[in-house]
Amino acid sequence: MRPSLSFGLCAALAAFVFLLAVPASLAQQPLKVGIVTFLSGPAAGPFGVPARNAAELTAELLNAGTVPAPYSQKGFGGTPIELVIIDEAGGPQKQVAEYRNLVPRVDIVIGYISSGDCLAIAPVAEEQKKLTVLFDCGTPRIFEDASYKYVFRTGPTGTMDNVSVALYLVERTPNVKSIAGLNQNYAWGQDSWADFENAMKTLKPGIEVKTSQMPKLFAGQFGAEITTLLGSGAEVIHSSMWGGDLEGLVLQGAPRGLFEKHKVVLSAGEPAINRLGTRIPDGTILGARGPFGPFAPGTDLARWLKTTYQDRYHVPPNYASFKMTQAILGVKAAYEKAKGSGNEAPDQDKIIAAFENLTFEGPGGPVKMALGKGHQAIMDAAVGTTRVEGGELKIVDIARYSADKVNPPDGVKSEAWIKSGIKK
Amino acid sequence: MKAAIVAIAPLVALTGLALLSPQWLVFMAMLALAKGVVVLGLLVLMRTGLVSFGQGLYFGIGAYAAALLSHHLHVADAAVMLLAGAAAAGLIAALLGLLLARYRDIFFAMLSLAFSMILYGVLVKSAALGSTDGFNLHARTFFGVALASGVERRVFLIAGAVCAVVVALLVHRLLGGHWGRLATGVRDNELRVAYLGASPYRVVYVNYLIAGAMAGLGGALAALAVGHVDPEMTYWTTSGEFVFIAILGGTQSILAPFVAASIFEALRTIASQYAPNVWQMSLGLAMLAIIMFLPAGLWTLAERRRRSV
Chain A
1 MRPSLSFGLC AALAAFVFLL AVPASLAQQP LKVGIVTFLS GPAAGPFGVP
51 ARNAAELTAE LLNAGTVPAP YSQKGFGGTP IELVIIDEAG GPQKQVAEYR
101 NLVPRVDIVI GYISSGDCLA IAPVAEEQKK LTVLFDCGTP RIFEDASYKY
151 VFRTGPTGTM DNVSVALYLV ERTPNVKSIA GLNQNYAWGQ DSWADFENAM
201 KTLKPGIEVK TSQMPKLFAG QFGAEITTLL GSGAEVIHSS MWGGDLEGLV
251 LQGAPRGLFE KHKVVLSAGE PAINRLGTRI PDGTILGARG PFGPFAPGTD
301 LARWLKTTYQ DRYHVPPNYA SFKMTQAILG VKAAYEKAKG SGNEAPDQDK
351 IIAAFENLTF EGPGGPVKMA LGKGHQAIMD AAVGTTRVEG GELKIVDIAR
401 YSADKVNPPD GVKSEAWIKS GIKK
Chain B
425 MKAAIVAIAP LVALTGLALL SPQWLVFMAM LALAKGVVVL GLLVLMRTGL
475 VSFGQGLYFG IGAYAAALLS HHLHVADAAV MLLAGAAAAG LIAALLGLLL
525 ARYRDIFFAM LSLAFSMILY GVLVKSAALG STDGFNLHAR TFFGVALASG
575 VERRVFLIAG AVCAVVVALL VHRLLGGHWG RLATGVRDNE LRVAYLGASP
625 YRVVYVNYLI AGAMAGLGGA LAALAVGHVD PEMTYWTTSG EFVFIAILGG
675 TQSILAPFVA ASIFEALRTI ASQYAPNVWQ MSLGLAMLAI IMFLPAGLWT
725 LAERRRRSV
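Just so you know, the sequences run in chain order A and B. Each residue of the first sequence is one higher than the one before, starting from 1 at the first, in my numbering. Each residue of the second sequence is one higher than the one before, starting from 425 at the first, in my numbering.
Any given hint might turn out to be false.
Said to hold, decoys possible - With a straight-line Cα cutoff of 25 Å, these simulated BS3-like cross-link-like pairs (lysine-lysine) come out:
id, chain 1, residue 1, chain 2, residue 2
1, B, Lys-549, A, Lys-419
2, A, Lys-413, B, Lys-549
3, B, Lys-549, A, Lys-210
4, A, Lys-413, A, Lys-394
5, A, Lys-373, A, Lys-413
6, A, Lys-373, A, Lys-405
7, A, Lys-129, A, Lys-368
8, B, Lys-549, A, Lys-216
9, A, Lys-368, A, Lys-149
10, A, Lys-337, A, Lys-129
11, A, Lys-373, A, Lys-337
12, B, Lys-549, A, Lys-201
13, A, Lys-149, A, Lys-339
14, A, Lys-394, A, Lys-306
15, A, Lys-216, A, Lys-306
Everything labelled a hint here was simulated from the structure, so no lab data went into it.
Same shape as in the complex, but just chain B:
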């Protein structure tokens, strides 16, 4: 289990960060982690050659599931919320996947986008859920242990780090083995995979399910961090942001989504602080530069370095 040993390093680093750094950095790390988990799910899907422009659907479902637990059922345990977020998203993905796994390319992308916008439309019309204003949630315990205010987000970050590392290890195992090669096969030549006796439909379906559940987990993590949910989480710009981060990092590594999400959050914050009038343009220029000079994402830098060593 070399990968498991390697995974301890980021876990220790994140725990150190959670315990020592100022509150705002804890928050940003948590948000980056949440988005990293979603993008890692997207990567699993991309392995089969499919890009979803609708991961916001599951991100939103995860967040709302966590928030509704606290808001309507008065369950304020962070661990339950995280599980509920992933489970709710996984459930919906299991249903929608039945249909979506039949489609490829632009049709898959547009259909996934359509489903996320349907949820957005429903949430906007739900006055009881605060419509576009959304509502607050409060997680007060973790596995039944009450948390002091101020400490809670540090605990959530550690919990998030554990979740992310476990999920990353599972994905690493999955993609590194038979299943990963099958997924690549579906991407490269679906017909041949079928002739070899495997079911491309099943591969796409399972990968879609995994991606959905991971987006739900990411959504619940983000909801815990922000303490507020709103329909913007399901809007297509949020889904687009996940694709942006995936392209920023590249699709060749398990770590790339987390690094790219951290860089994205940092870039956005720095742009907002130093160029409040043109922060969107700064992000756009960064995107352009990456597409022009590093078409396979930031990870190409790491690959190049490894080759030169």
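Next comes chain A alone, as it looks inside the complex:
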């Protein structure tokens, strides 16, 4: 039991010296943008990889100067951008470690799909004083429980997803009397269901909640839950599922008549349409966490993203792709506003000042940095219903809700706002 100290110290020292050498490769010329998104694990397929693809495409076309107005200037204010991509898999603890390693190597960080990662990264970004733009995670807690100078989020929070589907539902079926839920048992599923349940109770006081099923995340098999839902007698079934679980729900629920017997609401269902297509039954209410994908407005910018992405990757861009491009364009807009007509590269504080309360045009329409003291985006929401026409899945009966109708005013917490009447 005599420890060999010399070897131990040598090995530990060697490991640390090796580490020291890692972030030394600071190139001078292009602006380095760190991109953090799921490259592995269950969230890679529906979100992570489409987002990475969008980042690579957008960076390349920005550097080539072929993005439509107002983003036609090359790179960021004429300076080309270079991406440093890392994997978001591994949990918040690992992400904090990787974030700290990334910070000295890049000028700006854009990333994070998981709300847990976003919550863990935000205080670290503040400590490291590094401009960090969250692009996809949904929890409103980030700017409701704390305020940050260096952290921005260009994607809307999860609040409006469920408020907008509730509004849509009540407009289409004013006499709805009962609801039920099928959500994954983790923060996203719990929060989504709570928002939907509270919104429905606010809009239709006295509505009956038949059952809330919470199978565990990535369970894949929902036979028992579907049986319970079929026997519940609920008129509406809400689900915020995504990825393999969502596909499982559709493929297992449709043959058993779940979608015929009930009005099914998939509040984050859009990424599944590229994979499931016509297997999504008619009449399913679908959200895309904002005006993305098939809900995108008919602007040049939306058309540009759809065509260039489709040409390169042979699938349409989904909401994760839209939100990634939106984040990069948002930073570009802030950078160029900060730079103004001068020739000097703006420092980080100037970019932050320009970013706060900025309104910019994204591929999904106008983005207003209106919440969290100008750090959190709000956007219009869009909801639609599926219908198969001529062998193709179409989204019909699309309703749009203006951003301030489906988001709380600044300084008001989402949950309280929903419970107190969904009003400005």
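We have chain A; now place chain B onto it with these hints.
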């Protein structure tokens, strides 16, 4: 006290590291230290021939105890958090140990795994604790002394280093003496230990308690470093990571867990940076290589060298 004198070297090295190196390295060193403490506890347990696939339970309890102090009771002192983490984990280990010390081999491993997954399940269902998203914690003082932001993690690293060295010395003393030989005896032939008049149950129970408290301390250290806790800390993959590090280092030395944890953190970071698409596979290949070529862990390299000198 030769061991105490020897222990000063890593303490000085870590203090130097804490004062001089960049922030990201301070953070990684702290994480390696936290995991090293947990794995050292695992080593104590392994001495009795038991492998726990559920140390994540105590790692998580330690982290959540520290975080809840800051979150709900507004105690923001790092020293209190560390103590609370170790104490909370020790308390639960004292309870669960009563049951677990009866089991051996795969039954012990599976039962320890089951308990950690129960805590995971409870945390995931706790919306008030942020479910899978977890929540932030902030330690602002150390023994009542307010810390400037940016300096805090350097202080935590020194505190962590002191904790780790003290714990390592205690473990060294414990295993080097009567108790260590008794533990090895339990591993090799439990029946004979009982015939000699010692209680194998007691040995396993106490070692389990020590391992639990150390995992709690490690969890509190990790929570201080990361500034965020989430249920992933109690998930079986986290427990598996500790076993991975133990195998990586080998079970023959007190220093091995710390060296192995540093190498593991470095390996993972380098793999993430240079092979973002295949970093898990890189780690897996490293594991395979070690099992094939150094079945008793990296420490065999040190042993071989010592023999050849």
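Hint check:
1. B:Lys-549 - A:Lys-419: Roughly 22 Å separates the two Cα atoms, so the pair holds.
2. A:Lys-413 - B:Lys-549: 22 Å, holds
3. B:Lys-549 - A:Lys-210: 20 Å, holds
4. A:Lys-413 - A:Lys-394: 35 Å, violated
5. A:Lys-373 - A:Lys-413: 13 Å, holds
6. A:Lys-373 - A:Lys-405: 19 Å, holds
7. A:Lys-129 - A:Lys-368: Since the Cα atoms of A:Lys-129 and A:Lys-368 sit roughly 23 Å apart, the hinted pair holds (cutoff 25 Å).
8. B:Lys-549 - A:Lys-216: It holds: about 10 Å lies between the C-alpha atoms, which stays within 25 Å.
9. A:Lys-368 - A:Lys-149: Answer holds: A:Lys-368 to A:Lys-149 is near 17 Å, not above 25 Å.
10. A:Lys-337 - A:Lys-129: Holds. A:Lys-337 to A:Lys-129 sits at ~20 Å (cutoff 25 Å).
11. A:Lys-373 - A:Lys-337: This hinted pair holds, its Cα atoms lying about 19 Å apart.
12. B:Lys-549 - A:Lys-201: 23 Å, holds
13. A:Lys-149 - A:Lys-339: Given that 25 Å is the threshold and the Cα spacing comes to 19 Å, the pair holds.
14. A:Lys-394 - A:Lys-306: At roughly 16 Å apart (the allowed maximum being 25 Å), A:Lys-306 and A:Lys-394 satisfy the hint.
15. A:Lys-216 - A:Lys-306: 34 Å, violated
Comparing the model with each earlier hint shows violations of hints 4 and 15; every other hint is respected.
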